[in-house]
Amino acid sequence: METGSPGGTRTTEAGAGADGAAAVWTGLPPGLLRMRRLLLVVWLGLAAVAVGLGLGLGVGPAWAALALLPLAGIGWGWVLLGRNWRSWRYAERADDLLISRGVLWREETVVPYGRMQLVEVTSGPVERYFGLASVQLHTAAAATDATIPGLDPAEAERLRDRLSELGEARSAGL
Numbered sequence: 001m002e003t004g005s006p007g008g009t010r011t012t013e014a015g016a017g018a019d020g021a022a023a024v025w026t027g028l029p030p031g032l033l034r035m036r037r038l039l040l041v042v043w044l045g046l047a048a049v050a051v052g053l054g055l056g057l058g059v060g061p062a063w064a065a066l067a068l069l070p071l072a073g074i075g076w077g078w079v080l081l082g083r084n085w086r087s088w089r090y091a092e093r094a095d096d097l098l099i100s101r102g103v104l105w106r107e108e109t110v111v112p113y114g115r116m117q118l119v120e121v122t123s124g125p126v127e128r129y130f131g132l133a134s135v136q137l138h139t140a141a142a143a144t145d146a147t148i149p150g151l152d153p154a155e156a157e158r159l160r161d162r163l164s165e166l167g168e169a170r171s172a173g174l
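Every letter in the sequence shown is one number past the one before it in this note's numbering, and letter 111, counting from 1, is 111.
Don't take every hint at face value.
Simulated DEER-style distance windows between Cβ atoms [stated by the list, open to error]:
hint	residue 1	residue 2	range
1	Glu157	Gly60	51 to 59 angstroms
2	Gly102	Arg162	23 to 31 angstroms
3	Ala154	Leu66	39 to 47 angstroms
4	Ala154	Trp76	30 to 38 angstroms
5	Gly73	Gly102	15 to 23 angstroms
6	Glu120	Gly58	46 to 54 angstroms
7	Leu53	Glu165	54 to 62 angstroms
8	Val59	Tyr129	35 to 43 angstroms
9	Pro153	Glu108	52 to 60 angstroms
10	Glu165	Thr122	14 to 22 angstroms
11	Arg162	Trp43	30 to 38 angstroms
12	Arg83	Ala154	53 to 61 angstroms
It should be emphasised that the hints constitute simulated quantities derived from the structure, not laboratory data. Since this is a predicted model, take the numbers as computed values, not measurements. Heads up, the beta-carbon is just placed ideally off N, CA and C, and yes, glycines get one too.
With the hints as constraints, model all of the structure from the sequences given.
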């Protein structure tokens, strides 16, 4: 069962955990989509200006029409970024964390709490400007490391603290 909620998050019942309770999927906040779309417009807009000016002044005004290619890339990227953003979601269950993403190739990662070795919150300069942070989970197996991008910093810290607490409580010693 899928429901929408204000703020862009989407919830869907996931498979039941060990305790039989269904998990609730949480989507990423819309701030991540705004940030990625702004970066797309800035970089491809600059590319369009550079191509247009470079070809227009160097080769001839007719060649400046090639500046439309980066502008078309903005429209195409705009749609793709929206689809990608909608595909990201995570669910906290009793014994593990589920992370699902992908449009064409769907990828679902299951990270058992007892296997987590490190949970960190990161936020680069652009993310901080938009009020976003990412949670990165590290396990003993490098292939199972997982990231949840674009969270509100308070939610990222809450998730880090909860996952760290659950990881310590369910620690699977080597």
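Quick rundown of the hints versus the structure:
1. Roughly 56 angstroms separates the CB atoms of glutamate 157 and glycine 60, a value that falls within the hinted 51 to 59 angstroms.
2. Checked against the hint of 23 to 31 angstroms, the C-beta distance between glycine 102 and arginine 162 comes to roughly 25 angstroms, which is consistent with it.
3. For the pair alanine 154 and leucine 66, the beta carbons lie near 46 angstroms from each other, so the given range of 39 to 47 angstroms is met.
4. Checking the proposed 30 to 38 angstroms range against alanine 154 and tryptophan 76 shows it holds: the Cβ atoms sit about 34 angstroms from each other.
5. For the pair glycine 73 and glycine 102, the supplied restraint of 15 to 23 angstroms holds, since their beta-carbon distance comes to about 21 angstroms.
6. Between glutamate 120 and glycine 58 the CB atoms are about 47 angstroms apart, so this pair conforms to the stated range of 46 to 54 angstroms.
7. A hinted range of 54 to 62 angstroms holds for the C-beta pair leucine 53 and glutamate 165, which are about 55 angstroms apart.
8. Separation of valine 59 from tyrosine 129 is about 38 angstroms and conforms to the stated range, judged on CB atoms against 35 to 43 angstroms.
9. A hinted range of 52 to 60 angstroms is violated for the C-beta pair proline 153 and glutamate 108, which are about 26 angstroms apart.
10. A hinted range of 14 to 22 angstroms for the beta carbons of glutamate 165 and threonine 122 is consistent with their spacing of about 20 angstroms.
11. Arginine 162 and tryptophan 43 have their C-beta atoms about 36 angstroms apart, which keeps the hinted 30 to 38 angstroms range intact.
12. Distance hint check for arginine 83 and alanine 154: the Cβ-Cβ separation is about 27 angstroms, which falls outside the suggested range of 53 to 61 angstroms.
Checked against the numbered hints given earlier, the structure breaks hints 9 and 12 and satisfies all the rest.
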